[in-house]
Structures are given as C-alpha cells and as structure tokens.
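In UniProt numbering, the protein residues as written are 1 to 212.
FYI, nobody ran anything at the bench for these hints, they're computed from the structure. A quick note: this is a predicted structure, and the numbers were derived from the prediction, not measured. Be aware that a few hints might be false.
As the list claims (entries may be wrong) - Here are the simulated EDC-like cross-link-like pairs (lysine to aspartate or glutamate), alpha carbons at most 16 angstroms apart as the crow flies:
#: 1; residue 1: Lys-74; residue 2: Glu-109
#: 2; residue 1: Lys-74; residue 2: Glu-33
#: 3; residue 1: Lys-55; residue 2: Asp-179
#: 4; residue 1: Lys-148; residue 2: Glu-109
#: 5; residue 1: Lys-106; residue 2: Asp-193
#: 6; residue 1: Lys-91; residue 2: Asp-179
#: 7; residue 1: Lys-173; residue 2: Asp-193
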Amino acid sequence: MFVIIYFYLRYGGIYMLEDITLVGSTVELVPLERSHTDELFQAGNHQAIWTYLPKRISVLKDMMHWVDEALAGKRSRTELPFAVMHRQMNKIVGSTRFLNISEPNKNLEIGWTWYSPEVWRSGVNTDCKYMLLTYCFEQLGYVRVQFKADIRNERSNNAIRRIGATHEGILRKDRILPDGYIRNSNIYSITADEWPEVKNRFETKLLRGMHD
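Given the sequences, and given the hints that come with them, work out the whole structure.
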C-alpha cells in the first residue's frame with residue numbers, strides 16, 4: 001500500500017506556501033511552534049547531530065534561540081519550519097524546513113534537517129522527504145527543490161543521493177561553522193520534470209519498508 005499524505009492548510013489557498021501539516025506512514029510534519037522547544041531539545045541533545053551544522057545545541061537556551069530564528073524566518077516568508085512528530089512513539093524526533101523560498105521563481109531548499117539518533121536509518125527521513133517533495137511539486141507547482149550538505153558529511157550526502165537528487169557542484173567556502181571551520185557544501189537538486197522518476201523510487205522504497 002502506498003503512503004497516503006493528507007494536506008491541511010491553516011491559512012490561505014492550497015497553492016500558497018502557508019502553515020501545513022503533512023501526515024505520512026511514520027511521521028507527521030507539523031508547523032514549528034515555541035511550545036515544541038523542550039521536546040526538540042530532548043530530541044536534539046546529541047552532539048553527533050550538530051557536527052556539520054552551522055549551530056551547536058548544548059543547552060536548552062541554545063534550542064530556544066534556534067527555534068526563535070526559525071520562526072523569524074517564517075515571519076519573513078523565507079522559511080517554513082516543521083517539527084517531526086513520530087506517530088508510533090508519539091514524540092518529536094527532529095526538525096526540517098523549507099528555506100531560501102522564492103515564490104516568484106517557484107523554487108526552494110529543503111534543509112536544516114536533523115533527527116534524533118534513535119531514528120537514524122529507520123525510514124523517517126524517507127517519509128519526510130517524500131511528503132515534502134510531493135507537496136512542493138504536486139501542490140505548490142514548484143519547478144526546483146535544492147539540498148545542501150557539508151562535503152565531509154557522508155551520511156547526509158549519501159541520503160540525498162539515495163533519494164535521486166542530482167549533484168550540481170560544490171559551493172566553496174560556503175559557511176563558517178561555530179568551531180571556525182570554513183565548510184564547502186555540495187549542492188543537489190530535483191526538478192519538476194525529474195519528479196515522476198524520483199517519486200517512483202520513493203514509493204518503491206516505502207513499499208519495501210527500506211531504511212534511509
């Protein structure tokens with residue numbers, strides 16, 4: 001049985017990028033709220049998560065700032081952040097978001113994705129990416145979705161390649177990380193004309209219960 005995704009819009013019409021809850025087979029993606037901060041901290045209180053990301057979360061105050069920055073991006077309409085709620089566990093296990101949103105050009109990036117190590121290689125990432133990409137291409141009518149990853153982060157790069165994204169190149173000296181390291185980032189994308197083939201790959205993986 002294919003995964004069924006339900007779309008719920010809180011505001012506006014279905015072709016506007018607004019608050020939305022996406023329900024998949026394993027997780028729900030719910031609009032990020034400040035009330036999620038404590039649960040996000042519990043899920044993200046593992047330093048292995050933050051090794052290659054531009055922020056470090058060590059104490060609850062760090063997560064409070066992280067959530068506030070995500071919500072500021074939402075208010076500016078450049079980001080749309082989600083909390084990842086595991087349906088069976090009934091708890092938050094991570095976060096992801098749309099960012100660098102360009103509604104006039106119908107493109108955006110999926111990023112700031114992280115999960116608790118307890119759900120790594122569990123299928124959570126496959127479920128999340130399938131829902132987000134389906135929404136982008138089939139509901140919003142977007143033409144391009146981008147992904148970025150530190151070139152050293154083998155786990156993230158492999159996950160992006162496995163979903164069928166095309167490697168476009170390396171963005172050199174892209175970010176200065178908290179430890180002072182200046183990272184280079186791999187750039188990937190999926191375009192609307194590639195989506196049917198990528199979607200078929202997702203649905204094959206989901207039917208087989210394959211892990212990320």
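Verification of the hints:
1. Lys-74 with Glu-109: holds, 14 angstroms
2. Lys-74 with Glu-33: holds, 11 angstroms
3. Lys-55 with Asp-179: Holds: Lys-55 and Asp-179 sit about 10 angstroms apart, inside 16 angstroms.
4. Lys-148 with Glu-109: holds, 8 angstroms
5. Lys-106 with Asp-193: holds, 14 angstroms
6. Lys-91 with Asp-179: violated, 31 angstroms
7. Lys-173 with Asp-193: violated, 31 angstroms
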